[in-house]
Every structure is written in structure tokens, then in C-alpha cells.
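Undergrad: Build out the structure end to end from the sequences listed, making use of the hints.
Residue-level listing of the chains:
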Amino acid sequence: MFDNLSLFVSTISRGLLLTVEATVGGILIATVLSFVFGLAMLSRSRTVRLVARIYVEIWRGTSEVVQLLWIYFVLPVLIGYRIVPLVAGIVVLGLNFGAYGAEIVRGAVQSVPKAQYEGAIALNLTPAQRMRRVILPQALVEMVPPFNNLFIQLLKGSALLTMITVHEMTYQAREVLIDRNIDQAWLIWTLVLLFYLVLAILITIGMRLLERWAARLVGRKPDERSIFSRRKKPVLAETVSAGGGPL
Amino acid sequence: MIWDWDYFWEALPIVVGDGLWITFQVTLLGSIVAYLLGMVLALLRRSRIRVVSTVTWAFIEFIRSTPLLVQLFFLFFVFPDFGLKFGPVTTGVIALGLHYSTYAAEVYRAGIEAVPVGQWEAATALSLPRARTWRAVILPQAIPRVLPALGNYTISMVKETPLLLTIGVTDIAGAAFQEASSTYRYVEPITIAGLLFLVLSYSASLLVRWLERRVGTLH
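Chains A and B are the protein sequences, given in the same order.
The first sequence begins at 1 in our numbering and counts up by one.
The second sequence begins at 1 in our numbering and counts up by one.
Just so you know, these hints were derived from the structure itself, not from any lab.
Do not rely on the hints blindly, as some may be mistaken.
Simulated DEER-style distance windows between Cβ atoms [said to hold, decoys possible]: (1) B/Asp-81 <-> A/Leu-50: 52 to 58 Å; (2) B/Tyr-7 <-> A/Ala-115: 55 to 61 Å; (3) A/Gly-107 <-> B/Val-117: 25 to 31 Å; (4) B/Phe-24 <-> A/Gln-116: 45 to 51 Å; (5) B/Phe-24 <-> A/Ala-128: 45 to 51 Å; (6) A/Arg-133 <-> B/Asp-81: 58 to 64 Å; (7) B/Trp-9 <-> A/Ile-201: 46 to 52 Å; (8) B/Glu-113 <-> A/Leu-42: 30 to 36 Å.
Glycine residues also receive a C-beta, built at the ideal position from the N, C-alpha and C atoms.
TA: Quick look at the structure:
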């Protein structure tokens with residue numbers, strides 16, 4: 001029953017690196033975009049806010065699958081050359097989850113008490129100093145738990161890269177293993193699920209460490225949750241933006 | 001010319017005609033499964049029997065941490081081993097419903113916990129049986145308040161129905177891709193699919209916002 005176990009594990013492992021690359025690449029792009037567009041949504045300029053809003057609505061409102069198909073099949077027609085599947089995948093993951101992340105950044109910055117702004121103004125800090133030294137460090141603590149959930153969603157989203165022939169873990173199982181081992185499908189897919197579970201747990205551990213560091217940075221005591229537990233987001237206090245739906 | 005309006009108008013009815021109904025059907029049925037199963041999970045999670053609540057917790061975390069696509073493949077390939085011959089649409093509905101039920105469970109849990117303790121105490125004081133307390137006191141207060149949050153997950157689900165094209169269901173994205181593959185013209189059909197999803201999720205989010213105002217989401 002478990003004869004092929006080592007074959008299965010090693011084949012799926014061959015996709016592990018690509019899954020990790022796609023996830024890490026996606027996380028990096030998404031994080032940058034989250035901050036850029038999250039802060040842009042709070043800009044005083046109407047135009048900047050509008051641009052940021054349009055980005056967020058388009059990338060949250062259309063499906064990730066459609067975005068992948070679009071970048072992979074449509075964009076080459078428009079620009080004239082083909083994009084490497086992995087790059088296309090990372091770009092879509094970054095752009096898609098960056099749109100969700102922008103809302104997280106916006107919300108966290110807005111949740112910093114108003115007195116902190118007033119204090120910073122009273123101390124004659126420039127707007128840049130105010131944001132960098134006072135507001136962002138405090139907002140960061142609030143951002144980490146929702147970003148933890150977001151990054152796990154992104155990891156899950158990386159499985160879709162199978163559809164544009166990135167040879168990541170799901171692809172290895174679906175295209176390499178399954179047809180010849182159809183009678184052991186349950187084992188193959190269970191293994192794949194476990195691989196993803198482990199990666200998700202690693203993300204949570206990393207984010208918990210980040211959260212503790214961020215809390216120390218602003219002189220707060222890190223809460224006592226175990227390093228493995230991620231904080232659930234307050235589902236009832238959700239404000240829906242158009243195109244929306246939480247992750 | 002890269003963008004062809006004539007072809008756009010030609011492809012639009014095909015994509016809408018073939019795909020929209022399936023997307024609607026799958027989302028509706030998937031939501032029903034998710035809402036019902038989510039309630040069951042939420043109640044099991046609150047069970048006083050330790051083993052039951054721990055196993056439920058582990059199940060919820062496992063499903064939430066792993067990709068829907070892989071879960072879909074799991075069901076698609078493993079159901080036949082148990083002699084279950086479901087069509088791709090049914091398999092997709094079950095996968096979506098199962099995946100989102102774990103999110104719905106979390107929503108119900110929050111809703112149930114938001115019911116003031118005094119309501120439980122009053123039910124005890126009236127010595128209402130446990131089943132009646134749930135049915136007549138707690139759930140009628142909890143459920144309306146969680147409807148917007150559940151609605152949000154339905155919006156997410158709409159955007160995940162295209163996953164089903166991997167097992168041969170032609171939803172909006174599937175229909176667009178099929179049309180594109182048969183004519184080798186990708187630009188218009190796939191753009192149409194994107195626009196349709198934008199319209200669908202935008203209008204759905206307006207609906208949820210209206211619902212939110214109606215029931216007054218609590219914080």
C-alpha cells in the first residue's frame with residue numbers, strides 16, 4: 001500500500017522549490033504593493049487615492065484564475081513576447097494579494113489612535129517622519145496577524161500555477177504521478193496536502209516571530225499565544241469594499 | 001489590430017451563455033453546503049466532549065491551510081475509489097462547500113460568542129432545554145448578524161469557481177478559455193471573463209453592504 005511512498009514524496013519534493021519560489025516571490029511583491037497602494041489610499045490627493053482604489057478593485061474583483069490566463073495567454077499577444085510561466089505566476093500572485101494587502105495596510109494605519117498624529121504634529125515632525133517614526137511602527141503590530149492569513153492564502157493560491165504549467169508541487173502530482181498511480185490517488189493527494197500544511201505552519205511561525213519583534217519595537221509586551229497559533233481575524237467587523245469579500 | 005470589437009460582441013454571448021449559469025449554480029449550491037456544514041462544524045467545535053472539539057479544530061485548520069485546488073483533485077480522484085460516481089459539477093460543489101464551510105464555521109463561532117452571556121443565563125433561569133436554548137434564543141440572535149460576513153465568503157467563492165475548469169466544468173472562465181482555444185484568439189474572451197467577474201463581485205458586494213446596513217454589523 002505504501003510501496004511507492006518514497007517515489008511519491010521525492011516527486012512532489014521536486015516541485016517544492018518552485019512552490020517556495022513562487023510563494024516567496026509573490027509575498028515580496030505583494031508586500032511592496034500593499035504598502036505602496038495602502039498608503040496611497042490614504043493620500044491627500046484625490047487622483048492618487050483614485051488610482052489606488054482602481055488597482056485594488058480590479059485585482060480583487062477579478063478571479064485569480066482569470067488573471068493567470070490573462071497574463072499568460074493575452075498579455076503575450078498584446079506585448080509581442082511570451083512570459084516565463086513562473087514569472088507570470090509570481091506577478092499575478094503579487095498583484096492579486098497586494099490588492100488585499102493594501103486594504104490591510106490602510107486599515108492598520110487608520111487604527112492608530114488620532115492622538116499619535118496630534119503628538120507627532122506637536123513635536124514638529126515632518127509628515128514623512130511622522131509616518132515612518134510614529135505611525136507605521138505601531139500600525140505594523142496590527143498588520144502582522146492579517147498578513148499571516150494573507151500569506152497563507154497566497155501559498156494556497158500558488159497551487160493554481162499548475163494551470164499555466166509551472167512545475168510546482170500540485171503539477172508534479174497532477175501531471176507526473178497521478179495517471180500511472182491512479183489507484184493510490186488518495187495517498188498522493190494526502191501527501192501534497194501535508195506538504196502545503198507544513199509550509200503554512202512555517203509561514204505562521206515566521207509571522208509570529210515577526211509580530212513579537214514588531215511588538216517589542218514599540219515597547220509593547222508580546223501576547224502570550226503559542227508561536228504556532230495564528231490570530232483569527234474579527235470576521236464580524238469586516239467592512240466590505242466593492243469587488244471584495246475577505247480571504 | 002489586436003483588439004477586435006466585432007469578435008468581442010461575437011464572443012460575449014457565448015461566454016455568458018455557456019458560463020454564467022454554471023458559475024451561478026455552483027456558487028449557490030456551494031454556499032448552501034458551506035453554510036449548513038459550517039454550522040455543524042461550529043457546533044461540533046463547541047462540543048463539551050474534548051475529543052470532538054479538538055478533532056473539529058484540527059479539521060478546520062487543515063482545510064483552511066491547504067489549497068482548494070488540491071482538495072478538489074483529492075475529491076475528484078478519490079471519490080471513484082469509494083464507488084461514488086459524481087459528475088464534475090457535483091464534485092466541484094462539494095469541494096467548494098467543504099472548503100468554505102471551515103470559514104463559515106469561524107463566522108458562526110464569532111456570531112455565537114457575540115450573543116451576550118445574559119441570554120444564556122436567562123435561558124438557564126427559565127430552565128429551557130439545551131436544544132431549545134440554541135434554537136429559540138441563541139441562533140436567532142447570532143445568525144442575522146453573521147449574514148454579511150457569510151455573504152463576503154460567497155463573493156470569494158464566485159471568484160474561485162474557475163478552479164473547476166481543471167476538472168472540466170465550464171464556468172465563465174472555462175467557457176471563455178474554451179472559446180479562446182477553439183479560435184486561437186485569446187484576447188477578447190479572457191478579457192470578457194475578467195470583466196464579468198468584476199461586474200459580478202462588484203454587484204454582489206453592493207448587496208452585502210446593503211445587508212450589512214440592514215442587520216447592523218456589530219463590532
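Undergrad: Hint by hint, which ones does this structure get wrong, listed from lowest number up?
TA: none
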